[in-house]
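Protein chains in written order, with this note's numbering: chain A, 1 to 90; chain B, 1 to 645.
It is worth saying that the hints were derived from the structure and are not from the lab.
This one's a predicted model, so the numbers in the text were calculated from it and none came from an experiment.
The beta-carbon is built from N, C-alpha and C at its ideal position, and this holds for glycine as well.
Careful: at least some of the hints might be erroneous.
[To be verified] Simulated pairs of lysine-lysine, PhoX-like, Cα-Cα distance not exceeding 25 Å:
| # | chain 1 | residue 1 | chain 2 | residue 2 |
| --- | --- | --- | --- | --- |
| 1 | B | K372 | B | K402 |
| 2 | B | K438 | B | K80 |
| 3 | A | K90 | B | K402 |
| 4 | B | K2 | A | K46 |
| 5 | B | K119 | B | K190 |
| 6 | A | K90 | B | K372 |
| 7 | B | K2 | A | K4 |
| 8 | A | K90 | B | K349 |
| 9 | A | K85 | B | K356 |
| 10 | B | K2 | A | K3 |
| 11 | A | K3 | A | K24 |
| 12 | A | K85 | B | K402 |
| 13 | B | K372 | A | K85 |
| 14 | A | K10 | B | K311 |
| 15 | B | K324 | B | K76 |
| 16 | A | K10 | B | K2 |
| 17 | B | K2 | A | K48 |
| 18 | B | K512 | A | K10 |
| 19 | B | K76 | B | K138 |
| 20 | A | K90 | B | K508 |
| 21 | A | K90 | B | K311 |
| 22 | B | K508 | A | K4 |
[What the hints assert, rightly or not] Selected chain B positions facing chain A (in silico; Cβ < 10 Å):
| # | residue |
| --- | --- |
| 23 | K2 |
| 24 | W6 |
| 25 | N10 |
| 26 | K159 |
| 27 | A161 |
| 28 | M231 |
| 29 | P240 |
| 30 | V298 |
| 31 | P301 |
| 32 | D304 |
| 33 | K384 |
[Stated by the list, open to error] Quick list of the computed label-pair ranges, beta carbon to beta carbon:
| # | chain 1 | residue 1 | chain 2 | residue 2 | range |
| --- | --- | --- | --- | --- | --- |
| 34 | A | D21 | B | D91 | 49 to 57 Å |
| 35 | A | S9 | B | E485 | 33 to 41 Å |
| 36 | A | P69 | B | L111 | 29 to 37 Å |
| 37 | B | E124 | A | S14 | 41 to 49 Å |
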Amino acid sequence: MDKKDFHVSKVSCSAEPLIYDDSKCIGCNRCAEACMADVLVPDTEKGKHPVVMYPGECWYCGACVMDCPVEGALRLVHPLMNRAKFVPVK
Amino acid sequence: MKEYVWPYSNELGERTVDSADVLVLGGGLAGCYAAIAAARHGKSVILVEKGATRRSGSAGTGFDHWESACTNPCSKISPKEMAEAYVDEQDHYSNGIGHYIECREGYDRLLDMESFGGKIRDTEDEFKGAEFRDDETKLMFAYDYTNCYTLRVWGSTFKPALRKELQRLGVKVYDRVEATALLTSVVDGKKRGIGAMGMNVRTGRFMVFRAKATILTMSRPARVWLFDSDMPGICEFRPPQSIGSGHAMGWRAGVEFTMMEKSVRAEMSSAIRSFPPYGAGNNHNTWYGATMVDARGVEIPYLDRDGNELKDVSQRFHPAPGQKFFLKGGVIDEPKYDYRGPETMSFDKLMERGYKLPFYADLSRMPALERKAIWGMMVGEEGKTKIPILQNYTQRGFDPEKHMLQSYGTGWTSAQFLDQERQLFGAPGGIITDWDLKTNIDGIYAAGDQLFASDCAGHACATGYYAGRKAAAAADSMDFIEPSETDIQAEIDRLYRPVMNDRGYGWKELNKAISRAMQNYCGGIKCEENLREGLDLLESYRNEIVPNLHCENPHDLMRTHEVMDILDVATMILHACLMRESSSAPLCFDRSDCPEMDPERDRCFITIRQENGIPVRGVIPHDYFGDLEEEYEKRNQDYINNGRR
Chain A
1 MDKKDFHVSK VSCSAEPLIY DDSKCIGCNR CAEACMADVL VPDTEKGKHP VVMYPGECWY
61 CGACVMDCPV EGALRLVHPL MNRAKFVPVK
Chain B
1 MKEYVWPYSN ELGERTVDSA DVLVLGGGLA GCYAAIAAAR HGKSVILVEK GATRRSGSAG
61 TGFDHWESAC TNPCSKISPK EMAEAYVDEQ DHYSNGIGHY IECREGYDRL LDMESFGGKI
121 RDTEDEFKGA EFRDDETKLM FAYDYTNCYT LRVWGSTFKP ALRKELQRLG VKVYDRVEAT
181 ALLTSVVDGK KRGIGAMGMN VRTGRFMVFR AKATILTMSR PARVWLFDSD MPGICEFRPP
241 QSIGSGHAMG WRAGVEFTMM EKSVRAEMSS AIRSFPPYGA GNNHNTWYGA TMVDARGVEI
301 PYLDRDGNEL KDVSQRFHPA PGQKFFLKGG VIDEPKYDYR GPETMSFDKL MERGYKLPFY
361 ADLSRMPALE RKAIWGMMVG EEGKTKIPIL QNYTQRGFDP EKHMLQSYGT GWTSAQFLDQ
421 ERQLFGAPGG IITDWDLKTN IDGIYAAGDQ LFASDCAGHA CATGYYAGRK AAAAADSMDF
481 IEPSETDIQA EIDRLYRPVM NDRGYGWKEL NKAISRAMQN YCGGIKCEEN LREGLDLLES
541 YRNEIVPNLH CENPHDLMRT HEVMDILDVA TMILHACLMR ESSSAPLCFD RSDCPEMDPE
601 RDRCFITIRQ ENGIPVRGVI PHDYFGDLEE EYEKRNQDYI NNGRR
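Just need the whole structure built from these sequences, with the hints factored in.
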C-alpha cells in the first residue's frame, strides 16, 4: 500500500464542549488518553493542552475531567440548548 | 483553516499479527468480564477496544444501579421468579438465557468487582439508617425496598478497577484498535470463527488476531435513524463509537440475529430533541421515586397499580397490597398489571385535573437520605452525571434543598420524538445464541449489548463473564487455523480505500443520507414497497458512494468504517422488517400492508442471517430456552461447585 501523509484540522461545531484554563493545565494529556471518542489530539508542543479537534464528537461523559490531575484546568459544558432550568422551590 | 501535525506515527501498510486462545472484541463491561473469565480459566486472552478500556463503553464513567441481583443476601426474589417475570412481561420476546444468567450470577460479579477495588456497598456509613440500606451488609437498594433485588452501586469506580484486573491477569489489551471484521474458515464442512481483523485508529496499522474462540461484546447499533452532523457525539444515548460494528461484522460473517425488525420511537437524543440523560427533572430510573410538582408547586400524586393515591414517599418503594414484587428498570416501560409498580398519575389525567406545566422534580420535599441517594449518589455515579450534571449544576448554583429542576416533555426522556425518529431501545434485537452464548457459528460467542433483548450493566457483566468461561472451555478442543490471505487482502482493500482516495464523500454525508433513508422507508409505519425502496437506495449507496468515500487520517477513517457498518446494519433491519408479514405490539412493529396484530402463526422469533450475500429467514419458537433453572443447572455444575468462578 502507498504511504499517504495524514492531515488534520479542527472540525467546526456550534458548541464548545471543553474549555481549558491555560494557566492551570500542565499539558499531561491524561484527558486525551481518557477520551473514548478520541476527540482530543495532543499538541505537538510539549506542555500545551490537547487540541479539541473533534468537538462535535464529544459524548459529554466527563471522563477527561475525571482524570484531570489539576482542579479547574478543564471544564466540560453542555451545549446551550441543553441547559436545563432550575428555580427556587415553592 | 489551520492544519495541525498528526501527533501519532503513520503506520499505513504495516501489519501486526497476534494470537490468543480467546479473543474479546469490545472493552466495555461485558468484554472486560469476558476476558477476566477466560484468563481465570487459564487461557491466553486478547481484548480489542476502540477507545481506552479504562473509561470506555456505555458505562465508562459509571452507572448507578445494578438490576436483578437476585442472589444477594437480602433479595426475596429467586433468579427463576425474576427471569420468568421478565419473559412474561416482555410477551416472550425475551432473552430468557441472558436474563437468567443476570439474575443467577450477577451478584457473583458484584463480589468480583468488590475484590477488584470497585465500591458496591456503603462502607463509609453515609446512608446509615436509610430505609433502602441493609445495615448488616451495608448494601443499598433501588426501586423495590421490600424485595431488595436491585442494588445502588458506585459505578464510577468500576471500569478503572476492571482495567487493573485485566492487567493483573495478563490479558493483552489493544486499546485504540477497532475490530472491523471476523475471520472465519470452513472446517469439516462447517463454518468456524478463527479470529478477527482491525485497525489502530491513531496510526492506521492493520491488525490480524488469530484465536480459538472469539467473543463479540460490542454495542447495539445506533445512528441508524438519528443523525446530527453538528453534534454526532450526542445524537444517540450510547457513546458515538458504539454504533453496532459487532452486529455489522456478525452480519457479514453469517451470524444469526433476531428481533431486528423491532425499533421504537426514539427516547434519547440530546443533539436532536431531548436534554442530557438524568439532567432534567423526572422521576424515572436514576431519579425513581423523586417528588414531582407542577408550575404552582402542587405535588403530583403517585398511585399504586390499582389507582390508589400513595400517602408518603416510602410507599413509592414498596409493592401494592397483595402484590409480591414490582418491576422497574432500564427495559421496563409500562409493565403489565402483575408487575406494575408505583407511578405518578398519567399526564392526561393531570391535565384533566388542572395541573399546570411545566413540571419540576422537587427533591427538597423528600427525606434527607432519599434526596442524597438521588442527588449526589445516583446522580454522580450514573454514567455522564458526575461531571456534566452533578458538578456543573452545583457550580451553576443548584441546591436540591432549595431548587427544583424543570421537566421537559412528559417523562424521563425529556422530549417527544416523531414516529419516524426511531432507535434500538427497550430490549432491541440482536444476536441469538444457545445456552453457551455461542452463536450459530462455532467458535463465535456473544454477550452484553450484542445479545437480543439485552438489559443493563448487570446483564452485560454477567453474560460477559459467562461467555468468557464457555469460550475458554471450547478453546480447549480447538486449534488455531491460519486465516486466508485472500480474506485479509479483501479487508485491507475495504478498510483503506477512503484514505487512498484523493477526494470524495465524507462519512457525515453518508450517515445523514442513511438516516434520512431509514426515516423515509422504515419509519413508524412500514410496508413492503417502502422497505424495498429503502433497500434499493441503500444498495445504490453501497455501489456508488462507498467506493468514493474519502478521509485524511486514521481517526476519520474509523468514523468512515463506522458508517459503512451502519449501512450494513440498516440493510439487515430492512430485510428483517420484510420477513415479518404481520404487525406486532410487543415489537412496536406496524406493517400497513399486514395490519393483523400478533397472529398466532407469527408469535415466534424470526431470525435472519446472511449466506452468500442472500438474507436467510429462520423461525425459532418463543421459550426455546426451556425451563430456565433446570437448563442452566444442567450446564453449569462446574461453576456452581467450584466457588462460582
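Worksheet item: So which of the earlier hints does this model not fit?
Response: Violated hints (numbers, rising): 5, 11, 14, 20, 27, 31, 32; every other hint is consistent with the structure.
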